[in-house]
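Visitor: Assemble the whole structure, with the sequences as input and the hints as a guide.
Under the UniProt record's numbering, think of the first position of the sequence shown as 1, with each following residue one higher.
These are computed hints drawn from the structure, not numbers from a lab.
Careful, some of the hints might be misleading.
[As the list claims (entries may be wrong)] When the alpha-carbon atoms are kept at most 30 angstroms apart in a straight line, the in silico BS3-like pairs for lysine-lysine are as follows:
no., residue 1, residue 2
1, Lys238, Lys358
2, Lys358, Lys131
3, Lys150, Lys131
4, Lys168, Lys150
5, Lys236, Lys131
6, Lys168, Lys154
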Amino acid sequence: AWDHQSIPSEDGIKTPAVSPFKNFKKSSGTSDADVLLPDAKAVAHVGGGSSALQGLALRWGEDLGAPWRSAVEAMSRGAHAAGEALSNGVHAAMSALVQRADETGRWAEQRIEEECFRALQSACLNREVAKARILDYSAPLRSSIIGSFKEMIKGACLADPDMWQSVKRCYGDTLDEILNDIEHELEVTLETALLKQHSSIMVDGPRGGCAFTCYCRVRSFLLFHYLPHDLSIFGKIKDPIYLFITLITLLPLHLVRVSFFCVILVMLVFPGPPDEFQLINFVLLLKGSQFLSAGLLMMARGAMMYFMCFSCCKADMATCIVEHGPGSVDSLGLSIVDYLGSIVLPWVAFCCLPYSHKSVRRKFVGRARLEGGGAASEDPDLEPEGSRAPGSSTPQALRRQGGRLGQLLIYDVQCFLCSLALLAVVAVYTRGDEELHNTWCEWVFTSAQFKEDLFWIKVLYGLLSLPFLPFMVPCFLKVLTHCEWTGFNERGACIEYALPTESRMGRWRRRQPRLSRRTLSRLCRSLARVVGRGGTRLNGVVAAEHFA
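Guide: This is the structure:
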């Protein structure tokens, strides 16, 4: 039948159909299905899947019969599913390949960036090492040049041939110490300006329970405004809170200044450990304010009291001085506490220096590479002698915590003892004959004369604090202490002092949300609408009342 059947073509001419099973030799014991199915599978395999099987079903569908047509269609669907699975597999494989290529590209890009960053970092480190070596090699030359300048200055200052030898010796020793301090500070400033340092970490302030948190908030607020980390004296003047605190410390009233600085000392020490620079700065601020408050302003207050008694009570000026004169209106106990607090508080802060630490240390990148890749070199004041550059001079006294502050405090103790001795002499001299029947204790606690003596002795002791005043200036404070400047941030943490590029008010204004013109116009229209409605209602009420 296959051989003799003709199939009409597209042009109408019947052509004999060629059976695809012509060359298949049917073996004994096999049916037509056994012959048809393997050959159909072969055709499907050779023809490329479902399209070949569909062609067979369309071409010989009538001759095959329902069972064979169903088998061919099933095989067609299977081949189609296999083709789709193969297509999906190829797509998944291509996607995985593209993803792997992307990952490889990103990895290669990351490696290139890391290598570039490592090369740049190595170049920067080599440059820092080169600058550190140049500083080390040029240290003897700098030392010789500065030494020649020091000799020229000393020669000019001690050129008077008539100067006493004792004065010349003392003057020369003082000049040597001052010039050594200046040389050391010049070396440190040069090293800090040329070498890069490791940046300090911005840490948070202390935290705790409820009560401790309230104390920490008050501490952060007060220290941030009085000892800020980002304001000079010109920036502090713009802060009204700082001006208010400064005016409180300068009031010529007993126990006000001492009480305030007592609170500041407690906040610096607790929670500990305190910062070395802040303790030294506290001593200098306390003694400098003593010269201004207990010295100049208190003296002006006493002079004005004398003037008022002379101007208003000329007939009985002695009674006016006894009742309203200097010291007579003040409490004796508060006056004594204020007098003793001016000497006790500085020494308490000075005794806390051994338990303090430096919150900021100079850590140079180039020095660490020179020392074999260890930790970065820190403050040269605390380094051993062998680790410093040749030619650099760091006196032994400068390595003590506090620098030369101890010498100033010894001078302060001497001034206090002198004022105490002078108070005893003045008290003995001014005690009247009519008060000899009272004992010394009764006379001290009841006499207006002793209060006035104590008032003027306190003024004298305040004026003797003048040597502390210049060290409130930053450059002199740097030479005296050789400490890195620190300050407090908004969170109460002691960090490195650095002037900002923008004022604090400008930073505050920049952080505030700004309204656009469109938002402002909408707000104005809404406000005008509300006002208009309110005016309409008000007119209606007025008209109703008028009609009624």
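Visitor: With reference to the structure, classify each hint as holding or not holding.
Guide: Hints versus structure:
1. Lys238 / Lys358: 29 angstroms, holds
2. Lys358 / Lys131: This hinted pair holds, its Cα atoms lying about 26 angstroms apart.
3. Lys150 / Lys131: 26 angstroms, holds
4. Lys168 / Lys150: With a Cα-Cα distance of about 16 angstroms, the restraint between Lys168 and Lys150 holds, given a limit of 30 angstroms.
5. Lys236 / Lys131: Answer violated: Lys236 to Lys131 is near 37 angstroms, above 30 angstroms.
6. Lys168 / Lys154: Roughly 10 angstroms separates the two Cα atoms, so the pair holds.
When held up to the earlier numbered hints, the structure conflicts with hint 5 and nothing else.
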